[in-house]
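Residue numbers (my numbering), protein chains in the order written: chain A, 18 to 387; chain R, 18 to 387.
Please note that a few of the clues may not be correct.
You can't tell identical chains apart in this list, so a pair holds if it fits in one copy or across any two.
Derived lysine-lysine pairs resembling BS3-like cross-links, with alpha carbons at most 30 Å apart [unchecked claim]:
#	residue 1	residue 2
1	K24	K174
2	K372	K89
3	K374	K301
4	K89	K174
5	K342	K89
6	K57	K70
7	K374	K342
8	K301	K265
9	K119	K89
10	K342	K200
11	K57	K24
12	K200	K174
Hints in this document: simulated from the structure, not taken from any laboratory.
Read off the chains here:
Number of protein chains: 2
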Amino acid sequence: MMLRLGKLMISSGETNSDMRYACGVSTPDDIIWFSADAVKAIVASALEYDRVKSERRSDTAVFSDSEFGGPKHLDIVRNIALRYRLDGFTVPGDFPLLTAEKLRESGLVIEPQEGDFFPEREFKELDEVEKITRSLRIAEAGCRRAFEVLRESDISKEGTLIWQSAVLTSEILRSEIDCTMLKLGCLPTGTICAGAVQGSQPHNQGSGALYANTPIVMDIFPRSATTGYWGDLTRTVVRGRAGDIVKKAYDAVFEARELAKEQLCAGANPSEIHNLAASSMESKGFYTGFGDSGNFGFFHSLGHGVGLDIHENPRLSPRNPEPLKGGEVVTIEPGLYYAEWGGIRLEDMAYIPEKGKAVILTEIETFLEL
Amino acid sequence: MMLRLGKLMISSGETNSDMRYACGVSTPDDIIWFSADAVKAIVASALEYDRVKSERRSDTAVFSDSEFGGPKHLDIVRNIALRYRLDGFTVPGDFPLLTAEKLRESGLVIEPQEGDFFPEREFKELDEVEKITRSLRIAEAGCRRAFEVLRESDISKEGTLIWQSAVLTSEILRSEIDCTMLKLGCLPTGTICAGAVQGSQPHNQGSGALYANTPIVMDIFPRSATTGYWGDLTRTVVRGRAGDIVKKAYDAVFEARELAKEQLCAGANPSEIHNLAASSMESKGFYTGFGDSGNFGFFHSLGHGVGLDIHENPRLSPRNPEPLKGGEVVTIEPGLYYAEWGGIRLEDMAYIPEKGKAVILTEIETFLEL
């Protein structure tokens, strides 16, 4: 006998992008989303009902929890199953274990889904591309503010940057970027301003004084407070003059990025594009490996999908041979990292249409010295 | 036969406060925490190992994932069980279902825990109280900035506030508060600046023009970017002159807050304190109920615990008769909400010592008109 299974999520759109995607609206508290045959619906408490009703996706119904015997989630889910004559639900892999077991105890089938709960999230509608682009523009505004602060900075005898009569630190530069983005409606969450050798660790946020004549990696990824979509942008600049090795590395990363962007289109193989960028940098003498001070060279993926999650499918990585299909929004962000002098990373974003070349979404200029 | 169970979590400290609490450090990616007899340990990837090692709790060991056959989480967990001769693990109720099932398929017992995974999180060490207080001070700095902006504002003929030659909106006031807090090292996440009737909905963030002579509710709850601890503060002010009903409501909320603060001590019953605050406001003519425009009066809890989560135990609610034990940090935030004129909420924080009266952590003054 075929089981009749609906789909079910219980979570908050704040912490779960599948929930935000399905509902089209985000709530701080956990709410219930389900589908059964052609019905898609949200069950919300009285406190959230009005807002959910006005902001939800138009193809999705809203019920007050009292209609399903709420407020307890377990009762609501059991009543959904009764009303729609379901044997149970498919749930996301990260569905909470305890809730699953309690639902099973009351006779429901709960089947966790392997992989993405909404594989279609990988392929963006045009209004999603617009929302991502709007967040990217705000990242660019933050980046321009950083350029401004760096240009206004003087260089002390010790080589530190001096801005508004004080030593310019990663923290100050970051807060200038972040405040700019906050005022434009984005939430800054982990802006990287890593100078000198700190920039040789891709995850180092940066701290302390910033110096002239050495690269500063700025990775800026704001999330829209209203839409939930992210933008992602990285620039690396030198206030003053860059050394020869830094210039050479910058040129290699720049060329790898442009080369990769040209390859992007529906049908292209992500692992091949990654490898092309990697070998282009290697051909200029920038090798990748593992030494006394850890990883060096180009040791992360070329890029990743961006949407309601900052990192989502597709991965532009050597381990992803699955051809692009069209509809994806991805970053292209080659980088080079060496403990001796720091790091260079340059990141643009692109939309892959179903036909033709990728549309580059990033507008801000790329340069090294300022 | 007694089962030998360890404890296990797999998650990111960014989204899971139990993980942050156990590790003393937060990582963007999922890591593994486990305990087995007296051993507590973190298993981290090479990318995170160094930072985790330097920032972790001193009573907690760190292993590189390669020591347990990583990087795959399932392999690591199986190898932990082998090395410590465990039959399985107790896990938090929100442990991901799919991971639990795969671990069970390989013969491990996985038991979700009902209720809090670390009930001791409710009772703060003094260094935690200090971290919370530091975030509260930053909330106060944000609030002082708002007072400044409101005092600098002129009143237009239409009654809107004018600041720096433009109409002052909720969005502008919020970004002034949020930028102040960002520069001091906190992440602002949902600051409420709700004027006039918007303030009658406790969850309304506020939008559009702000007006003179009507209350503006400002609920400010920043999280430290470094420690992860929250502060929580609400003030309600009127630029210009408050009407009689607003003044009366303000006085009632103020008195209810002070009355509640006096009752706070180890041994006190949260539901009784809530009811005392409620009946104090009711005795001044401010009734609670449900009408055509929804809930009115005092229809939320008096307060809640604050720590690594903005809302945690204990709840100061009519449904919590469990006496306070000492060690809790709580908010005391009575409010009154009426669709006719808006809302008043006044929120302080307090630490409950094991003996004696509550220590009020909030320093910023409370007043109505400015």
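Going through the hints against the structure:
1. Proximity of K24 to K174 under the C-alpha cut-off of 30 Å is found in neither arrangement, the shortest distances being 64 Å within a copy and 55 Å between copies.
2. Taking CA atoms no more than 30 Å apart as the test, K372 paired with K89 passes in neither setting, with 49 Å inside one copy and 37 Å between copies.
3. In the homo-oligomer, the alpha carbons of K374 and K301 lie at most 30 Å apart inside one protomer (27 Å), although the nearest pairing across protomers, at 70 Å, exceeds that limit.
4. Taking the shortest Cα distances, K89 and K174 never come within 30 Å of each other, neither inside one copy (66 Å) nor across copies (50 Å).
5. In the homo-oligomer, the alpha carbons of K342 and K89 lie at most 30 Å apart only across protomers (28 Å), although the nearest pairing inside one protomer, at 42 Å, exceeds that limit.
6. Taking CA atoms no more than 30 Å apart as the test, K57 paired with K70 passes inside one copy only; the shortest distance there is 13 Å, against 46 Å between copies.
7. Only within a single protomer do K374 and K342 lie at most 30 Å apart by alpha-carbon distance; the minimum there is 12 Å, versus 65 Å between protomers.
8. Taking the closest pair of Cα atoms, K301 and K265 come within 30 Å of each other only inside a single copy of the chain (8 Å); across copies the shortest separation is 75 Å, beyond that limit.
9. Both within a single protomer and between protomers do K119 and K89 lie at most 30 Å apart by alpha-carbon distance, with minima of 12 Å and 29 Å respectively.
10. In this assembly of identical chains, K342 and K200 lie within 30 Å of each other by CA distance neither inside one copy nor across copies; the values are 36 Å within and 43 Å between.
11. Taking the shortest alpha-carbon separations for K57 and K24, only the intra-copy value of 9 Å comes in at or below 30 Å, while the best inter-copy value is 38 Å.
12. Proximity of K200 and K174 under a CA criterion of 30 Å is satisfied inter-copy only: 27 Å between copies versus 35 Å inside one chain copy.
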